[in-house]
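K.L.:
Just so you know, the sequences run in chain order A and B.
Going by my numbering, the first residue of the first sequence is number 16, and it counts up by one from there.
Going by my numbering, the first residue of the second sequence is number 16, and it counts up by one from there.
Treat the hints as calculated values from the structure; they're not laboratory data.
Mixed in with the good hints there might be a few duds.
Chain copies aren't distinguished; within one or between two, either way the pair holds.
Unchecked claim - For lysine-lysine, the following BS3-like pairs were computed, each having C-alpha atoms within a straight-line distance of at most 30 angstroms:
id : residue 1 : residue 2
1  : K55       : K272
2  : K34       : K336
3  : K286      : K55
4  : K93       : K206
5  : K133      : K34
6  : K262      : K338
7  : K133      : K105
8  : K283      : K57
9  : K133      : K288
2 protein chains.
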Amino acid sequence: MRIAVDAFGGDNAPEAIVKGCVQATAKTSDDIILVGDETKLKELLAGENVPEGRITIRHASEVIETGEPPAEAVRRKKDSSMVVALQLVKNGEADAVVSAGNTGAYLTGAFRYLGRMKGIKRPALTTPMPSVKDVGVILDAGANVDCRPEFLLQFAHMGAIYAEHVLGIKNPRVALLNIGAEEAKGNSLTKETYGLLKEADLNFIGNIEPRDVPYGMADVIVCDGFTGNVVIKLIEGTASALFTMLKGVFYKSIITKLAAMILKPGLKSIKAKMDYSEYGGVPLLGVDGVVFKAHGSSDAKAICNAVCAASTYLSAGVNDKIKEVLLSKNAEDEETAEE
Amino acid sequence: MRIAVDAFGGDNAPEAIVKGCVQATAKTSDDIILVGDETKLKELLAGENVPEGRITIRHASEVIETGEPPAEAVRRKKDSSMVVALQLVKNGEADAVVSAGNTGAYLTGAFRYLGRMKGIKRPALTTPMPSVKDVGVILDAGANVDCRPEFLLQFAHMGAIYAEHVLGIKNPRVALLNIGAEEAKGNSLTKETYGLLKEADLNFIGNIEPRDVPYGMADVIVCDGFTGNVVIKLIEGTASALFTMLKGVFYKSIITKLAAMILKPGLKSIKAKMDYSEYGGVPLLGVDGVVFKAHGSSDAKAICNAVCAASTYLSAGVNDKIKEVLLSKNAEDEETAEE
Numbered sequence: 016m017r018i019a020v021d022a023f024g025g026d027n028a029p030e031a032i033v034k035g036c037v038q039a040t041a042k043t044s045d046d047i048i049l050v051g052d053e054t055k056l057k058e059l060l061a062g063e064n065v066p067e068g069r070i071t072i073r074h075a076s077e078v079i080e081t082g083e084p085p086a087e088a089v090r091r092k093k094d095s096s097m098v099v100a101l102q103l104v105k106n107g108e109a110d111a112v113v114s115a116g117n118t119g120a121y122l123t124g125a126f127r128y129l130g131r132m133k134g135i136k137r138p139a140l141t142t143p144m145p146s147v148k149d150v151g152v153i154l155d156a157g158a159n160v161d162c163r164p165e166f167l168l169q170f171a172h173m174g175a176i177y178a179e180h181v182l183g184i185k186n187p188r189v190a191l192l193n194i195g196a197e198e199a200k201g202n203s204l205t206k207e208t209y210g211l212l213k214e215a216d217l218n219f220i221g222n223i224e225p226r227d228v229p230y231g232m233a234d235v236i237v238c239d240g241f242t243g244n245v246v247i248k249l250i251e252g253t254a255s256a257l258f259t260m261l262k263g264v265f266y267k268s269i270i271t272k273l274a275a276m277i278l279k280p281g282l283k284s285i286k287a288k289m290d291y292s293e294y295g296g297v298p299l300l301g302v303d304g305v306v307f308k309a310h311g312s313s314d315a316k317a318i319c320n321a322v323c324a325a326s327t328y329l330s331a332g333v334n335d336k337i338k339e340v341l342l343s344k345n346a347e348d349e350e351t352a353e354e
Numbered sequence: 016m017r018i019a020v021d022a023f024g025g026d027n028a029p030e031a032i033v034k035g036c037v038q039a040t041a042k043t044s045d046d047i048i049l050v051g052d053e054t055k056l057k058e059l060l061a062g063e064n065v066p067e068g069r070i071t072i073r074h075a076s077e078v079i080e081t082g083e084p085p086a087e088a089v090r091r092k093k094d095s096s097m098v099v100a101l102q103l104v105k106n107g108e109a110d111a112v113v114s115a116g117n118t119g120a121y122l123t124g125a126f127r128y129l130g131r132m133k134g135i136k137r138p139a140l141t142t143p144m145p146s147v148k149d150v151g152v153i154l155d156a157g158a159n160v161d162c163r164p165e166f167l168l169q170f171a172h173m174g175a176i177y178a179e180h181v182l183g184i185k186n187p188r189v190a191l192l193n194i195g196a197e198e199a200k201g202n203s204l205t206k207e208t209y210g211l212l213k214e215a216d217l218n219f220i221g222n223i224e225p226r227d228v229p230y231g232m233a234d235v236i237v238c239d240g241f242t243g244n245v246v247i248k249l250i251e252g253t254a255s256a257l258f259t260m261l262k263g264v265f266y267k268s269i270i271t272k273l274a275a276m277i278l279k280p281g282l283k284s285i286k287a288k289m290d291y292s293e294y295g296g297v298p299l300l301g302v303d304g305v306v307f308k309a310h311g312s313s314d315a316k317a318i319c320n321a322v323c324a325a326s327t328y329l330s331a332g333v334n335d336k337i338k339e340v341l342l343s344k345n346a347e348d349e350e351t352a353e354e
């Protein structure tokens, strides 16, 4: 399989992207197509030890910047590294695409060039959800700010398939993010969605309260994209603020500094666990192609992880499984409608 | 002034409630009316050193439990400590009411017995927002799960008045909770609300991203009640999960245990800072009466804090200030409409 990588997307592009791709060649058997300015990429690859034929370059003359208005950027910059990488998937020259660039532009580009899978109402960004126990996923994490209950039902199905085939969780526990445990709690969206999830062929365990999210009480957490985005960014911010406060405690005196030194390795592992950006790439489930988003601040290791995640996703055939499940559901719905 | 306290609401009622009220008599000059089973309350007060005439008892034979369906509980249990306490405010026998009981029932009861202030579309729960720096507020924190932009505009005004007159923050910075910094970001609710806030007579500083919330980047954070409730519960859960993980690091060996002991006082202060329940009571802004909600798990100290918060709120005349500002706004709006 071939994975196209937007070499000029992200805060540390193109250096970290190139290094990450080189690292990935040792961890996956898939080939990589680096997309972006050919001269610069050749120069960067010259300094690396690349296994024969595993990385090729596809020239793209433009770059979409972080702050650019998404829709306009995608429309105007047709020869940008991001758009060209997406088109490689559309044309069948690549089987998956990875970018750490402008999220809005990437989503817009994926919708425009690859489109939705047949039967899918809205694709969803599916982000790892770090917790005290294992890692689950939350979706939608920001692709759809205004949602309807039917969208959330599909998110639940797609998330469950992903959790089972990529994260290896058998019969994943699906929960609806809500502000109370009881069925009748929540806003109009969650109340209606609860009814749909209850009837669905899923291991639906009911509502999950925000307080329980970091405790890993569910494997797949379903919500609208606005709430999901609030959740991942608030966990990130709260963890970061707590570590800032901890630093204040540590630097109080020589004795506290010594104590902090002893605890440092343990603290570092907590920090890594809570940082969802550490988990590499995040798939956009429901588009007709394999699209992985890496964090904007990705370093080489994160890019390597993202490429490997895309590779695992490809070999698990997740998109085919989603199509299977949703086509059979749609057929059922049509039958029911006809009765 | 007189503050009615629901003596049988909350996990530690009635003991902690009675103790908290006794403590409050030393910190405020307001008198307290304890509402609930007279025999039990007399018994509890007998063991306490109560200043002459500062605490009286109002009998109520019923109790609304934590798990009861709110609307039904309020309708059926007319002689419950919570409903009787609310009615004392309605009848003018008390100037404020405090309860640590069933939140849903308390909100329902406040709406039913006290109603909204004239001109207020929806009352809002206004919760302290702990941060690395100072403490601001977030509203709505859970009273209205489905909101319209006009509601959020009023929340902003009420929150700003509260922040200024109770928290003592001059010209408080008002921000809209959103998933991006730019005006065009967010869902349909936040996009429309942004336009209203921009035009309002407020120190509106734009959107605040969830990541920045724990850093105290705004004094008043405005959002719908579903999102607000997610925010306060997720911060609580994330902080708690992190402390659970820290414990794991601390108990690893004798050396880490010793290191942890040295850092303990500092860690305790962080924990207290991040716990919004530590800040005593939370007002329901916009109802026609002074209504404070204490956390369900309040101990005597938290109840004392809640009574003191209600007392400060009363002497600052916050409700009159809200009425003033909103009546003048409504008059302006009517003029504009007539033009």
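K.L.:
For every hint, state whether the structure bears it out.
P.N.:
Structure-based check of each hint:
1. K55 - K272: neither (45 angstroms within a copy, 52 angstroms between copies)
2. K34 - K336: neither (32 angstroms within a copy, 61 angstroms between copies)
3. K286 - K55: Neither way: K286 and K55 sit 35 angstroms apart in one copy and 50 angstroms across, limit 30 angstroms.
4. K93 - K206: between (42 angstroms within a copy, 29 angstroms between copies)
5. K133 - K34: Neither: 36 angstroms inside a copy, 64 angstroms across copies.
6. K262 - K338: neither (49 angstroms within a copy, 44 angstroms between copies)
7. K133 - K105: The answer is within: 15 angstroms in one copy meets 30 angstroms, while 59 angstroms across copies does not.
8. K283 - K57: This pair counts as neither: shortest intra-copy Cα distance 36 angstroms, inter-copy 54 angstroms.
9. K133 - K288: neither (36 angstroms within a copy, 50 angstroms between copies)
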